[in-house]
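Q: Single-letter residue listing:
Number of protein chains: 4
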Amino acid sequence: MYHLDFRSDRSMDLVGIGRLCIDLNADQFNRPMEETTSFTKYVGGSPANIAIGAARLGLKSGFIGKVSDDQMGRFIQQYLKENNLDVSGLSLDDTGAVTGLAFTEIKSPEECSILMYRDNVADLKLDTSNVSEEYIRQTKALLISGTALAASPSREAVFLALDYAKKHGVVVFFDLDYRAYTWNNEQETAIYYNLIAEKCDVIIGTREEFDMMEQFESFRQDDHQTAQKWFHYAAEIVVIKHGEAGSIAYTKEGKSERSGIFKTKVLKTFGAGDAYASSFIYGLMNGWELNRAMEFGSASASIVISKHSCSEAMPTVEEIQTFLKTSRKE
Amino acid sequence: MYHLDFRSDRSMDLVGIGRLCIDLNADQFNRPMEETTSFTKYVGGSPANIAIGAARLGLKSGFIGKVSDDQMGRFIQQYLKENNLDVSGLSLDDTGAVTGLAFTEIKSPEECSILMYRDNVADLKLDTSNVSEEYIRQTKALLISGTALAASPSREAVFLALDYAKKHGVVVFFDLDYRAYTWNNEQETAIYYNLIAEKCDVIIGTREEFDMMEQFESFRQDDHQTAQKWFHYAAEIVVIKHGEAGSIAYTKEGKSERSGIFKTKVLKTFGAGDAYASSFIYGLMNGWELNRAMEFGSASASIVISKHSCSEAMPTVEEIQTFLKTSRKE
Amino acid sequence: MYHLDFRSDRSMDLVGIGRLCIDLNADQFNRPMEETTSFTKYVGGSPANIAIGAARLGLKSGFIGKVSDDQMGRFIQQYLKENNLDVSGLSLDDTGAVTGLAFTEIKSPEECSILMYRDNVADLKLDTSNVSEEYIRQTKALLISGTALAASPSREAVFLALDYAKKHGVVVFFDLDYRAYTWNNEQETAIYYNLIAEKCDVIIGTREEFDMMEQFESFRQDDHQTAQKWFHYAAEIVVIKHGEAGSIAYTKEGKSERSGIFKTKVLKTFGAGDAYASSFIYGLMNGWELNRAMEFGSASASIVISKHSCSEAMPTVEEIQTFLKTSRKE
Amino acid sequence: MYHLDFRSDRSMDLVGIGRLCIDLNADQFNRPMEETTSFTKYVGGSPANIAIGAARLGLKSGFIGKVSDDQMGRFIQQYLKENNLDVSGLSLDDTGAVTGLAFTEIKSPEECSILMYRDNVADLKLDTSNVSEEYIRQTKALLISGTALAASPSREAVFLALDYAKKHGVVVFFDLDYRAYTWNNEQETAIYYNLIAEKCDVIIGTREEFDMMEQFESFRQDDHQTAQKWFHYAAEIVVIKHGEAGSIAYTKEGKSERSGIFKTKVLKTFGAGDAYASSFIYGLMNGWELNRAMEFGSASASIVISKHSCSEAMPTVEEIQTFLKTSRKE
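Residue numbers (UniProt numbering), protein chains in the order written: chain A, 1 to 330; chain B, 1 to 330; chain C, 1 to 330; chain D, 1 to 330.
One copy or any two copies: either way a pair holds, since identical chains are not told apart in the list.
Heads up, simulated DSSO-like pairs for lysine-lysine below, C-alpha to C-alpha not over 27 Å straight-line:
| # | residue 1 | residue 2 |
| --- | --- | --- |
| 1 | K167 | K199 |
| 2 | K265 | K107 |
| 3 | K166 | K252 |
| 4 | K60 | K199 |
| 5 | K81 | K107 |
| 6 | K60 | K307 |
| 7 | K60 | K81 |
| 8 | K307 | K107 |
| 9 | K60 | K167 |
| 10 | K199 | K166 |
| 11 | K265 | K307 |
| 12 | K199 | K252 |
| 13 | K307 | K263 |
The hints are simulated quantities; they were obtained by calculation from the structure and are not laboratory data.
For reference, chain A alone in the conformation it holds in the complex:
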């Protein structure tokens, strides 16, 4: 059905690379941020959330990233450790960079926004000297998140990590996670996203993210063609997300599966994608059928969007199973 070769001779399951930051979630919700008076601090950043989510599900997870040499950086490191992630791949910034911040505003379940602090952030200072070939050869899978490509030297560090992964038979997941504000322009973004995607085994993104990547192509907004493009390169699975309309996954073998979303009481929309990715990856790494992995991902997403945080809300296998028993798909 799909062919992903997770090597059994590895000591880790999944290593994430890229953005590690702090979420400051408004304690008062259903109002504009101007009227909130306090914020609660969580570890955030898409690949960090996914790695934490994977660890919560029982995968042996690690992370390659750079943290600021201050209280925020130490908090992140400590939190990862406490959540059973291997932190030996973390580096400490020595340039005076800060930790990226994401202030969340929850005006209503439908109207959520993020105020980002991304100037001079430590995660984008990750450089090639921080990427250990030895570390990467010890893992079954590598998770790349697109935000890490937004600037040098982080971009080059990711290209090097990808090279090492290919060299040592590590399965590579690419979660597009495109955030316009950290990039110079869409053209630059598309160039580097495509260069990475060419070598990845599983590509996960929204329809809009794939559109951005296809700006130099003659075809447009066609899920099937999108998937076929990447099967000409290294991809085995391409997942295209359509928000509330669910997602569709294609395999190189020629199959496709659709998946809906679950009814739930939504607090905010943040974290849905990260929860989906961590649980979907968990399913694939356990050799599940594609549709079972997708359903597991959707359930995980539903759980996270009903809670206040992203990282801290990542569910266990038991929670997801319980949810699946009691919920129904839309």
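Please build the complex by placing chains B, C and D on the supplied structure of chain A, with the hints as guidance.
A: Chains B, C and D only, in chain A's frame:
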């Protein structure tokens, strides 16, 4: 005793210029920031605190500054309005700048530190086109804070405001407020601090701040010589603060006054200088004797350091009077 | 012997992309530049020289590049036109960039150096919007020079041109032309050089340039392994130059050829590589045996290093043939 | 008539500070630069030209500046030495900066233009540590040129030099020399020009330069008001140049003198202002009447614009005297 000519034909008392930002004060104190889980949001920034403090004391205050075009910027604007400051001198950034942040850590009353976010901040984007000659000619006094000199175009905006103030007989207070992290180096800092100080009527700073400004001089750490240097230019009063040892004020007329500090239950040290400045300025603008104004400033400082915030904690005249009746100086 | 498919249905033979600049060659030589009093102006830049050389040999050449909107930029454009290059691929900078300069110093034939002006240069402002898919599909071959990868947006423009070339069956030559001063560091350089090289048909560089590209590999300074690495990707021919010791070319088919250099009266060493590349490419595009193309390249190089300029000195086929009849290899 | 106190106890007459660069003058003139094929190299930069001119007239001149650590920088240093300037105030850049270049184009005597290379130039890297109080206290006069104010750290170095000059009774000449391309905007320029001008004894500039400086004033284009503005500060003499209409000089004592220009065969217009300044300063330092110094300056300007270079063409006293005998004013 001292000669400051506050023109009676003005509609405002005090206009501040420069840094406007957000303080995020740890809700849990007497512990390292790594262990705090939430932060409360206040308006901050030294000249903003002083202007708010002055308004709390009943002065007609205004502010010339630039705020970010986001929730943080709108919160600041709203807070100033609610606190009776004139906000017609505020400009809105259109470059995508953010609001500066100050995360405070209160390990113990003696061990406080601040984690600053000062990259790409709106307050340093204030430019000459944002400074209205008409606005400045309507005030009795202008308050300049040194942090606004740290970068272009804010630095030039301050030089222009100072020129307008001199042209229209506005008394100028210069609160040194030197923060090393926003400057390239100490040499650059000293050059611009001195250029500003040459034209100011009242200069207020710590011994360390004056030391920085005197790095190209042949004399060192001598309060008397420091004061004399500025009396050769435009200064009428020079206040040099020595932390817990109190402060000393010199007048051009040749007098000097010492002032101690009050015993109080200290929560944190932040905000002491801003409270002192606002209340000291209030005293001078009411024509008080120097030592009475200094004592009023010290009392105000003592009140603020016993509370959680800086801006929000700024006392009224009644609070200070009550404090003075019940407290004793060290 | 080697397999390069130059499509016959194309209106151009060779299109260069990248650096276009001005050489200012000392009129007085065999002395330090401090003692030269005047300089003669020539068009320069490695890929420009190669494209001009190819045109001199009769190939239909074009160029994708960006020139400054000033006298220097107009001079370059005019010179290319006069030398029968198609200039419809040139763009005009509108950011106030300047033309890169290379002041040459000829202390002795063995001691030549270049003083570069590479700040804010127009050629590195080439962006993806300046790269026409239509233009690239009209050429048999594309020549990429490594210096164009040194900065954004030129780097992304080259990646896009390469993608279009692959899509339309255009043979891609990669002349490494590594110049340390335009790069941030060697790690960054290697990452992008390798990403380009993976997709090129013919790679030409010095041993030192390949060493730089192999810094993340376990093997070192082994011509054979270097060539094999690239044959695993798209390369058909890899040429490794060893200065005065001549060069060695490998083909994917498993053959290798060595070529020496010709005795000549050397004025300066500049331009040897560009002359070699243009004539070697000419040979390959005519379907010559590898060793004949290499000898033709060596002869061309010998002619150029005996003259004052690079671009202007590029020889015709007749000149090279005459040279070959009268010279002998070392 | 005017009061400038040149202290007799000094070992140097005039020290320039600021821009030192290279002029590359087209060898072929009366044509656009696109058609010139070679350039001759000269030392250039307004304050360098003035200091060289002053030395040519017999003044003991020195220079505070920074040169690049390459052949261009060494050429400048050597040329100054050979022209009897004291070079002990020169510093060597260690950041990889280049020497500024000015390519001159002489389309006709009336149509001259300059193509500037001012990115990353060594002269703007001069910093406060390169300014010696001891050096400045040894000179009678300091010449400040406005271009040195265009960027940090050169700007701060000039402010420090000015402070030392005031402290030690050094007469300060300010040649405005405003070049828009090195500045961010006109507002910034005016702020710093005014801060410098406030403390200078003699201010020399074109009407357009004074207009730029007066953008925050209520008056406009009025030579008399311009002069009066500066007499309220430290100025003794203000010279306003009106191109071919000659110039007007005002003194604090209330006098003004007009001066025309001489008929001459013009090759190019470059260098006229620098020649004027050096000879005018020479006259003032010899205690001449204002009109005699102005006429001497005009004659010097006429000589330089009839020759190919600026620095190299600076005349001796004898040349100017000969010129004055044989020429007539327009």
